[in-house]
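Kindly generate the complete structure, drawing on both the sequences and the hints.
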Amino acid sequence: MNNPYEVLGIKPGASEAEIKAAYKELVKKYHPDKYQNNPLADLAEEKLQEVNEAYDALMKNQGGRAGSSGGYGNAYGGQSRGGSTNYYAVRQAIDRGDLGAAEQMLINSPSRDAEWFFLSGMLSYRKGWIDDAVSNIRRAIDMDPNNFEYQRAYQQIASQAAMYRTRSNGQGYNNRNSDLCSDCCTIYLCSSCISPCW
1 MNNPYEVLGI KPGASEAEIK AAYKELVKKY HPDKYQNNPL ADLAEEKLQE VNEAYDALMK
61 NQGGRAGSSG GYGNAYGGQS RGGSTNYYAV RQAIDRGDLG AAEQMLINSP SRDAEWFFLS
121 GMLSYRKGWI DDAVSNIRRA IDMDPNNFEY QRAYQQIASQ AAMYRTRSNG QGYNNRNSDL
181 CSDCCTIYLC SSCISPCW
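Residue 1 is where the sequence shown starts when you use our numbering, and the numbers rise one by one after that.
FYI, nobody ran anything at the bench for these hints, they're computed from the structure. Note that the structure is predicted; figures quoted are calculated from it, not measured. Mixed in with the good hints, there may be bad ones.
[To be verified] Under the rule of at most 35 Å between Cα atoms (straight-line distance), these lysine-lysine pairs were calculated in the DSBU-like manner: (1) 11 to 28; (2) 34 to 127; (3) 11 to 47; (4) 11 to 29; (5) 60 to 28; (6) 11 to 34; (7) 127 to 29; (8) 24 to 34; (9) 24 to 60; (10) 47 to 28; (11) 47 to 29; (12) 11 to 60; (13) 47 to 24.
Okay, structure coming up:
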């Protein structure tokens, strides 16, 4: 691995706060959202993995837990703190629509950290289980309240779900005690119209 200080663009001996600040900026810079349908996507992905590895190495030297309060953790990096769940692979499976593989990886995960709940929520979202998605992402935020990505996903999904519920209620779907129909319409519309949040 390259010099982790150079990768993060900071001076050797930087404080934990400086390491975290540099890491957050680089995660934003190389975030996959910025490289969708971009020929540089693979390069950005490699760079982001290098950034995650550098951050982990420096945080271990600091005696801290990588990502414990930085808000991004190993979201795109590879191994979870539990050591056996490749969260990046889970994200890739969800992105390509291989929900069964993503679900199996999450079921087999030994850890139930914030990233696990977030990805479980995104998996539920892709399946059309909106209430479950909102609940899991809310739990991820409770565990990692500084995570911008979790907060953004929660706001998008919760607001879209509320909008479609309002529309379906306004069209009379709930006027005949047909809550199940309303819920089905909400789930279908949400899963059809909202793009993934990462």
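Tested hints:
Using a Cα cut-off of 35 Å, the hinted pair residue 11 and residue 28 holds, with the two alpha carbons roughly 20 Å apart. For the given pair, residue 34 sits about 25 Å from residue 127 by alpha-carbon distance, which is consistent with the 35 Å threshold. Between residue 11 and residue 47 the alpha-carbon distance is near 19 Å, which keeps this suggested pair within the 35 Å criterion. The hinted pair formed by residue 11 and residue 29 meets the criterion: a straight-line CA distance of about 19 Å does not exceed 35 Å.
At roughly 22 Å between alpha-carbon atoms, residue 60 and residue 28 fall within 35 Å of each other, so this suggested pair holds. Between the alpha carbons of residue 11 and residue 34 the distance comes to roughly 27 Å, so the proposed pair stays at or under 35 Å and holds. For the suggested pair residue 127 and residue 29, the alpha carbons sit about 30 Å apart, so the restraint of at most 35 Å is met. At roughly 15 Å between alpha-carbon atoms, residue 24 and residue 34 fall within 35 Å of each other, so this suggested pair holds.
Pair hint residue 24 plus residue 60 holds up; C-alpha atoms about 17 Å apart against a cutoff of 35 Å. Restraint check: the Cα-Cα separation between residue 47 and residue 28 comes to about 12 Å, which is no more than 35 Å; the hinted pair holds. At roughly 10 Å between alpha-carbon atoms, residue 47 and residue 29 fall within 35 Å of each other, so this suggested pair holds. Under the criterion of a C-alpha separation no larger than 35 Å, the hint pairing residue 11 with residue 60 is consistent with the structure, at around 17 Å.
Distance hint between residue 47 and residue 24 is fulfilled; the C-alpha atoms sit about 14 Å from each other, no more than 35 Å.
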